[in-house]
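Chains A and B, in that order, are what the protein sequence lines are.
Position 9, counted from 1, in the first sequence is what the numbering used here calls 9; the numbers after and before it change by one each time, with no gaps.
Position 54, counted from 1, in the second sequence is what the numbering used here calls 54; the numbers after and before it change by one each time, with no gaps.
Read the hints as simulated data drawn from the structure, not as lab findings.
Worth double-checking, as some hints may not be accurate.
As a list, the in silico DMTMM-like pairs of lysine to aspartate or glutamate whose alpha-carbon atoms are at most 25 Å apart [said to hold, decoys possible]:
1) A:LYS46 with A:ASP111
2) A:LYS69 with B:GLU72
3) A:LYS46 with B:ASP59
4) A:LYS46 with B:GLU79
5) A:LYS69 with A:GLU43
6) A:LYS99 with B:ASP53
7) B:LYS57 with A:ASP111
8) B:LYS57 with A:ASP85
9) A:LYS69 with B:GLU101
10) B:LYS11 with A:GLU43
11) A:LYS46 with B:GLU101
12) B:LYS18 with B:GLU79
13) A:LYS46 with B:ASP38
14) A:LYS99 with B:ASP59
15) A:LYS56 with B:ASP62
A partial selection of chain B residues facing chain A, derived with a Cβ cut-off under 8 Å [said to hold, decoys possible]:
16) GLY40
17) HIS41
18) LEU43
19) GLY63
20) TYR64
21) PRO69
22) SER84
23) ALA87
24) PHE90
25) ASP100
26) GLU101
27) GLY105
Covered stretches of chain A, going by a simulated chain B footprint (3 or more residues, C-beta under 8 Å) [unchecked claim]:
28) 24-34
29) 99-112
Ideal Cβ placement from N, Cα and C applies to all residues, glycine included.
This is what each chain is made of:
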Amino acid sequence: GDSVTQTEGLVTVTEGLPVMLNCTYQTAYSDVAFFWYVQYLNEAPKLLLRSSTDNKRTEHQGFHATLHKSSSSFHLQKSSVQLSDSALYYCALSNMGYKLTFGTGTSLLVDP
Amino acid sequence: EAAVTQSPRSKVAVTGGKVTLSCHQTNNHDYMYWYRQDTGHGLRLIHYSYVADSTEKGDIPDGYKASRPSQENFSLILELASLSQTAVYFCASSDRLGGDEQYFGPGTRLTVL
Numbered sequence: 001g002d003s004v005t006q007t008e009g010l011v012t013v014t015e016g017l018p019v020m021l022n023c024t025y026q027t028a029y030s031d032v033a034f035f036w037y038v039q040y041l042n043e044a045p046k047l048l049l050r051s052s053t054d055n056k057r058t059e060h061q062g063f064h065a066t067l068h069k070s071s072s073s074f075h076l077q078k079s080s081v082q083l084s085d086s087a088l089y090y091c092a093l094s095n096m097g098y099k100l101t102f103g104t105g106t107s108l109l110v111d112p
Numbered sequence: 001e002a003a004v005t006q007s008p009r010s011k012v013a014v015t016g017g018k019v020t021l022s023c024h025q026t027n028n029h030d031y032m033y034w035y036r037q038d039t040g041h042g043l044r045l046i047h048y049s050y051v052a053d054s055t056e057k058g059d060i061p062d063g064y065k066a067s068r069p070s071q072e073n074f075s076l077i078l079e080l081a082s083l084s085q086t087a088v089y090f091c092a093s094s095d096r097l098g099g100d101e102q103y104f105g106p107g108t109r110l111t112v113l
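One chain only, chain B, in its complex shape (with noise of 0.2 Å):
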């Protein structure tokens, strides 16, 4: 079965702090995308990237930056963590030719305060 983990689990930072998220998959998937998690808003697209070395906006991008080193790893990185940023975040994998199905990982619950 598809396999997406993300460290840390949960994390409380400082505003203006620097935060990263990472996320590794063993799904050999070319996709891979993070989400952030809000009640009455849903899942938004944060990042997603294609392939190594590449990343690509999302819908909601402002306040985050991308790194896609390898093929198994992506990190969303919040160079000035604010108030706003606290939310549930959540990577998936996809496979490139494979259906669009998305394997989430377990989410990380980040606190900014």
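Chain A on its own, in the form it takes in the complex (with noise of 0.2 Å):
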């Protein structure tokens, strides 16, 4: 089956420095889209950045990500994080439109 994986449980780093989360995956389907969910604290997931087109850079929130197929990566990119990025992230697959895989889930603390 299909599955995600997401090395760091625990990323840490300083206001107003770059962070990279990574994901990487494996799945038999070609018909694949590829998520970042956020959780800030107390709340529910949220989509953060959606893709399925190999190579191209999808934006949001400041945030960026690159589907690469020939990697099977997704990581989830910022150019300098604020205090207020400090949350749960969520890489994720989902194959014939409408399940979803997890990973374990990445925290970020963004320390002042």
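Please assemble the complex out of the two chains, which come individually in their own frames, going by the hints.
Structure (structure tokens):
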């Protein structure tokens, strides 16, 4: 079956510095979409980014990600993090247009 | 904006007792889902439904039942609650045709003692 791997459980970054959250995946399907969801403390997860196009950069709220099918990756990046970016970030993939498979999540902690 | 509500928001249950978690959406979405969230495991799909009166097993259905009596409502039932079912449970909905984005409810924190 499908799987999504997020190797970092916690990433700590100083405010103003760049960050990259890693996401790799395995799937046997070709018609697949990829997502980043963000969950702030005591809130529901919500969509941050979505992509299904290989080698195309997708941006939202200062974050960006590029799907690289050659390396099975969809890393999330930001050039300058803010304190308000502290949250739990989930990478996910969807085949058949509806069922999501999530990674285990990466907590991003931004220090002042 | 899409709206998914859950009740109760938190619950304490006894081992062996029955627990019902409820979810209501006003998005007119066909798809509804139940996930559990655990540290180190992320979000895992328990059951989902794409039409009223029908449910499908997700990735971790053991110990859980689901019910979809109408398009708007989707319940998760723990017939015999166990300690291992202590977790935060999220309901979500999505549009059949639209995009794959799922809209999540606020979550229910379940503690089984």
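Comparing the hints with the structure gives:
Distance restraint check for LYS46 (chain A) and ASP111 (chain A): the Cα-Cα separation of roughly 23 Å lies within the 25 Å cut-off, and the hinted pair is therefore satisfied. Distance check on the hinted pair: LYS69 (chain A) and GLU72 (chain B) sit about 37 Å apart at the alpha-carbon level, beyond 25 Å; violated. Taken as a hint, the LYS46 (chain A) and ASP59 (chain B) pair is honoured in the structure, with Cα atoms around 21 Å apart against an allowance of 25 Å. Distance hint between LYS46 (chain A) and GLU79 (chain B) is unfulfilled; the C-alpha atoms sit about 30 Å from each other, more than 25 Å.
Between LYS69 (chain A) and GLU43 (chain A), the direct Cα distance comes to roughly 31 Å. Violation of the 25 Å bound is thereby established for this hinted pair. Distance restraint check for LYS99 (chain A) and ASP53 (chain B): the Cα-Cα separation of roughly 19 Å lies within the 25 Å cut-off, and the hinted pair is therefore satisfied. With a CA separation close to 41 Å, the supplied pair LYS57 (chain B) and ASP111 (chain A) exceeds the 25 Å bound. Simply put, LYS57 (chain B) and ASP85 (chain A) have alpha-carbon atoms about 34 Å apart, too far for the 25 Å limit, and the pair is violated.
Using a Cα cut-off of 25 Å, the hinted pair LYS69 (chain A) and GLU101 (chain B) holds, with the two alpha carbons roughly 21 Å apart. Restraint check: the Cα-Cα separation between LYS11 (chain B) and GLU43 (chain A) comes to about 17 Å, which is no more than 25 Å; the hinted pair holds. Taking the CA atoms of LYS46 (chain A) and GLU101 (chain B), the gap is near 9 Å; set against the 25 Å cutoff, the hint holds. Taking the CA atoms of LYS18 (chain B) and GLU79 (chain B), the gap is near 5 Å; set against the 25 Å cutoff, the hint holds.
Proximity of LYS46 (chain A) to ASP38 (chain B) is assessed by CA-CA distance (about 17 Å); at most 25 Å being required, the pair is judged to hold. As the CA atoms of LYS99 (chain A) and ASP59 (chain B) are separated by approximately 10 Å, the hinted pair is consistent with the 25 Å bound. Between the alpha carbons of LYS56 (chain A) and ASP62 (chain B) the distance comes to roughly 39 Å, so the proposed pair goes past 25 Å and is violated. With its C-beta approaching chain A no nearer than about 6 Å, GLY40 (chain B) sits inside the 8 Å limit, and its interface hint holds.
With a cut of 8 Å, the hint placing HIS41 (chain B) at the interface with chain A holds, because the nearest CB-to-CB distance is about 6 Å. Taking 8 Å as the C-beta contact cut-off toward chain A, the hint placing LEU43 (chain B) at the interface holds, the least distance being around 4 Å. Because the closest C-beta pair between GLY63 (chain B) and chain A is about 20 Å apart, greater than 8 Å, the hint is violated. With a cut of 8 Å, the hint placing TYR64 (chain B) at the interface with chain A is violated, because the nearest CB-to-CB distance is about 17 Å.
Proximity of PRO69 (chain B) to chain A is violated relative to the hint, the smallest CB-CB distance being about 20 Å (cut-off 8 Å). With a least beta-carbon distance of about 18 Å to chain A, the hint placing SER84 (chain B) at the interface is violated under the 8 Å criterion. With a least beta-carbon distance of about 14 Å to chain A, the hint placing ALA87 (chain B) at the interface is violated under the 8 Å criterion. With a cut of 8 Å, the hint placing PHE90 (chain B) at the interface with chain A holds, because the nearest CB-to-CB distance is about 7 Å.
The interface hint given for ASP100 (chain B) holds, since its Cβ lies 5 Å from the closest Cβ of chain A, which is under the 8 Å cut-off. Against a cut-off of 8 Å between C-beta atoms, the interface hint on GLU101 (chain B) holds, since the closest Cβ of chain A lies about 5 Å away. At about 6 Å, the closest approach between the beta carbon of GLY105 (chain B) and any beta carbon in chain A falls short of 8 Å, and the interface hint on this residue holds. With 1 residues bearing a CB less than 8 Å from a CB of chain B, the region 24-34 of chain A misses the requirement of three and the coverage assertion fails.
Counting residues of the region 99-112 of chain A whose CB lies closer than 8 Å to any CB of chain B gives 7, which reaches the minimum of 3, so the coverage claim holds.
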